[in-house]
Amino acid sequence: MRFMSIVTAPRSQQYGHPTPELLEAMGKLADREIKAGRMIDNGGLMPIDQAVRITIVDGKLSVLDGPFVEAKEVIGGYSITEMASKEEAVALAIEFMQLHKDHMPGWEGTCEVRAFAGFAGS
Amino acid sequence: MTAADTHRAVLAAWRVEQPRLITSLARMLRDVPLAEELTQEALLAALEHWPRAGVPDRPGAWLMTTARRLALNHLQRAPMLERNHAMLLSELEQEQLLPPDYEAMLDDDIGDEMLRLIFTACHPLLPYDARTALALRMVCGLTTVEIARAFLVPEATISQRIVRAKRTLSESGLAYETPHGGELAARLSSVLEVVYLIFNEGYTAARGDDWLRPDLCGEALRLGRIVIAIAPDEAEAHGLLALMELNASRTAARTDAAGEPILLLDQDRALWDQLQIQRGMRSLARAEELGGAGGFYALQAAIVACHARAARAAETDWLRIALLYAELSAVTRSPIVELNRAIAVGMAEGPASGLAILDRITDARALKTYHLLPSVRGDMLRRLGRHDEARAAFEAAAALAGNKRERELLLRRARETV
Chain D
772 MRFMSIVTAP
782 RSQQYGHPTP
792 ELLEAMGKLA
802 DREIKAGRMI
812 DNGGLMPIDQ
822 AVRITIVDGK
832 LSVLDGPFVE
842 AKEVIGGYSI
852 TEMASKEEAV
862 ALAIEFMQLH
872 KDHMPGWEGT
882 CEVRAFAGFA
892 GS
Chain X
523 MTAADTHRAV
533 LAAWRVEQPR
543 LITSLARMLR
553 DVPLAEELTQ
563 EALLAALEHW
573 PRAGVPDRPG
583 AWLMTTARRL
593 ALNHLQRAPM
603 LERNHAMLLS
613 ELEQEQLLPP
623 DYEAMLDDDI
633 GDEMLRLIFT
643 ACHPLLPYDA
653 RTALALRMVC
663 GLTTVEIARA
673 FLVPEATISQ
683 RIVRAKRTLS
693 ESGLAYETPH
703 GGELAARLSS
713 VLEVVYLIFN
723 EGYTAARGDD
733 WLRPDLCGEA
743 LRLGRIVIAI
753 APDEAEAHGL
763 LALMELNASR
773 TAARTDAAGE
783 PILLLDQDRA
793 LWDQLQIQRG
803 MRSLARAEEL
813 GGAGGFYALQ
823 AAIVACHARA
833 ARAAETDWLR
843 IALLYAELSA
853 VTRSPIVELN
863 RAIAVGMAEG
873 PASGLAILDR
883 ITDARALKTY
893 HLLPSVRGDM
903 LRRLGRHDEA
913 RAAFEAAAAL
923 AGNKRERELL
933 LRRARETV
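Taken in sequence, the protein lines are chains D and X.
Here the first sequence is numbered in my numbering, starting from 772 and rising by one per residue.
Here the second sequence is numbered in my numbering, starting from 523 and rising by one per residue.
Isolated chain D, as found in the complex (with noise of 0.2 Å):
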C-alpha cells in the first residue's frame, strides 16, 4: 500500500525554519526509511509565501501569486512510502512527530496520513 503523509502546520508556527536539530533528526529518519526499502520519496517546502495558486471559482480559471494570508494551515513537507499495512505508516508519522516534540519544543502541527486510490487494499 503507498501513503502520503503530509505535515501540516497552523501558518505562525513558521515551519519553513526547522531548528538545525530537527532537521538532522528527520534526515535520520528518512535516511533509515529509505534505505529499509520503505521510503519512496519526501522533501520539505518552500514556505507559502512563495507559492502560487490556480483556482476555478464559478467556472473562472486565476492564477495567484503568494503571500496567501488568509491560509491558515500551511503544508510543510510531505513522504511517500510504501507500506505493508496502514498501521506502519501511522507508526511511522508518530515516530516523525515525536523528534518534533524533542526537537522543536513548543511547535504544534499535524501529519496526516493518506493512502492512495487505487492500490490493493487501500
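Simulated from the structure, these hints should not be mistaken for lab results.
The beta-carbon is built from N, C-alpha and C at its ideal position, and this holds for glycine as well.
Among the hints, erroneous ones may be present.
Example chain D residues on the side facing chain X (calculated, C-beta under 8 Å, incomplete) [stated by the list, open to error]:
hint : residue
1    : A801
2    : E853
3    : E858
4    : A886
Take a look, some chain X residues computed to stay more than 10 Å from chain D by CB distance [as the list claims (entries may be wrong)]:
hint : residue
5    : L786
6    : R791
7    : T838
8    : K890
Straight-line distance between alpha carbons at most 16 Å, and here's what the computed EDC-like set of lysine to aspartate or glutamate pairs gives [stated by the list, open to error]:
hint : chain 1 : residue 1 : chain 2 : residue 2
9    : D       : K806      : X       : D634
10   : D       : K843      : D       : D820
11   : D       : K806      : X       : E635
12   : D       : K806      : X       : D755
13   : D       : K872      : X       : E563
14   : D       : K857      : X       : E635
With chain D fixed as given, assemble chain X onto it according to the hints.
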C-alpha cells in the same frame, strides 16, 4: 485503542525495528539464530505488555531495551564457557545501565549488519524454501503465521522450515560476516535469487480473497531496495530491482473486476503505475551504468521496459525485445527463453520466423509438458492460415494445461480456428 488496534500497532513497530533488533543482538551474542529467537521474545513481551500499559512513546527504544535485557539474561544463565563471554557480559551490563538513546539508535547505521543478516538468511547451505522463510522473517519482520499465509501453506510447515534452517546455521558454525571478493558475488547471487523467488511467488499466485495475506511482491521490493541501499555498486541488484518495479507497475491492470487475468497486450495501460515505472527505469539505467546491461535480471528488466515504454500495445518495439531475448537466451540457455524469443520474433518479423525458432525447440525436454509451446505454435500457425495444424496445436495445448480456466480458453481457440 481496541485490543486489535494495539496488536496491529505492536506488529507495525515490530516490523520497523526488528532488523535493528536482530542485528544488534547478533552483534552482542555472535549468534544469529539465538538473536532471532530473543527478538521474537521481545515481540511476545510487547504483545503482552502494550495492550495493558498502552503503546510506549518510543516503541523502538522499548523493544530494544527489552531485547537487550533478554540477551543479557540469556548470557547470565548460560554457563561461562569462555573468557570473552565474561567480558562480553560486563560490557553489556554497563551498556544496560544506560537507557538506549533514541538518537543514537537513529545514528547507528546498520547497513553492514543488515547485509550480514541478509547473507546469513540467504545462505546457499539452506534449501530455497528455508531461505525465503528466513529472509521474510529475519529481514522483513514477518511472523510465521504471516509467512504461512503468504505461501498458502500450514503454519507448522513454515515453523519447521525455520527451526531446521536455524539448526543448520547453528550447527554449521557459519561465520556471521560479510563475504568478500569472488565469494561475495556468489553469495549475492543467492540473495538476489531469494528475492526473485519471493517476488515471483507473489506475482504469479492468483490473488486470494484473504485480505490478510501479506503481499510478497511488496516484501520482495522492500528487500530489493534494502540490498541496493547497502550494496549500491552491484549491477545485478539494480537489475533485479528494476525488473520487480517494472513488473509490479502493472499490478492494477493485470486482473479484471472479476479477478480474471488480463494478458499484457490487452491491459489498460492507463492503469500502469507511472511512478513505479520511472523508478524501474532509473534502476535499469543504474544497472547499465554499472556495466551490467547483459545480466540475467537487467536483460529481463530491459525487456519489460520495452513494454513499459509503449503507450499502446501496437507501439511495442518487438525487434528490440527479440534481440534482448536472444541475449538472454545466450545467458540462460533456457528453452523457455527461446519460446519467448519466438513470440517476439513472430511479432517483429512475422509468424513464419517465429515458427522457425519454435521448430528448433520442439524436442526440448523442459517443454515436453509445457502447454504454452503448442499454444504459441497454434497462434503462429493460425496467423499463417494453416488452420488444421493450428487447431491440432491448440487441442494439444489444452490437453497439457493444468488449469481449468486455461484449458477452456485453449479449447475455445481450437473451436474458433476454422
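Results for each hint:
With 8 Å as the threshold, the beta carbon of A801 of chain D stays out of range of chain X, its nearest partner Cβ sitting at about 10 Å, so the hint is violated. The criterion of a C-beta within 8 Å of any C-beta in chain X is met by E853 of chain D, whose closest approach is roughly 6 Å, and the hint holds. Taking 8 Å as the C-beta cut-off, the interface hint given for E858 of chain D holds, the closest approach to chain X being about 4 Å. The interface hint given for A886 of chain D is broken, as the beta carbon of that residue sits about 14 Å from the closest beta carbon of chain X, more than 8 Å.
Look at L786 of chain X: its CB is around 18 Å from the nearest CB on chain D, clear of 10 Å, so calling it non-interface holds up. Non-interface status of R791 of chain X relative to chain D is upheld: no Cβ of that chain comes within 10 Å, the nearest being about 14 Å off. Every CB of chain D is more than 10 Å from the CB of T838 of chain X (nearest about 24 Å), matching its label as outside the interface. Distance check for K890 of chain X against chain D: the nearest CB is about 36 Å away, which clears 10 Å, and the non-interface claim stands.
Under the criterion of a C-alpha separation no larger than 16 Å, the hint pairing K806 of chain D with D634 of chain X is consistent with the structure, at around 12 Å. Restraint check for K843 of chain D and D820 of chain D: the C-alpha separation of about 13 Å stays at or below 16 Å, so the hint holds. For the given pair, K806 of chain D sits about 13 Å from E635 of chain X by alpha-carbon distance, which is consistent with the 16 Å threshold. Among the hinted pairs, K806 of chain D with D755 of chain X is consistent with the structure: their alpha-carbon atoms are about 15 Å apart, no more than 16 Å.
Of the supplied pair hints, the one linking K872 of chain D and E563 of chain X is violated, its CA atoms being roughly 30 Å apart against a limit of 16 Å. Of the pairs offered as hints, the one joining K857 of chain D and E635 of chain X is violated, with about 28 Å between alpha carbons and a cut-off of 16 Å exceeded.
Taken one by one, the earlier hints fail for this structure at numbers 1, 4, 13, 14, listed in ascending order.
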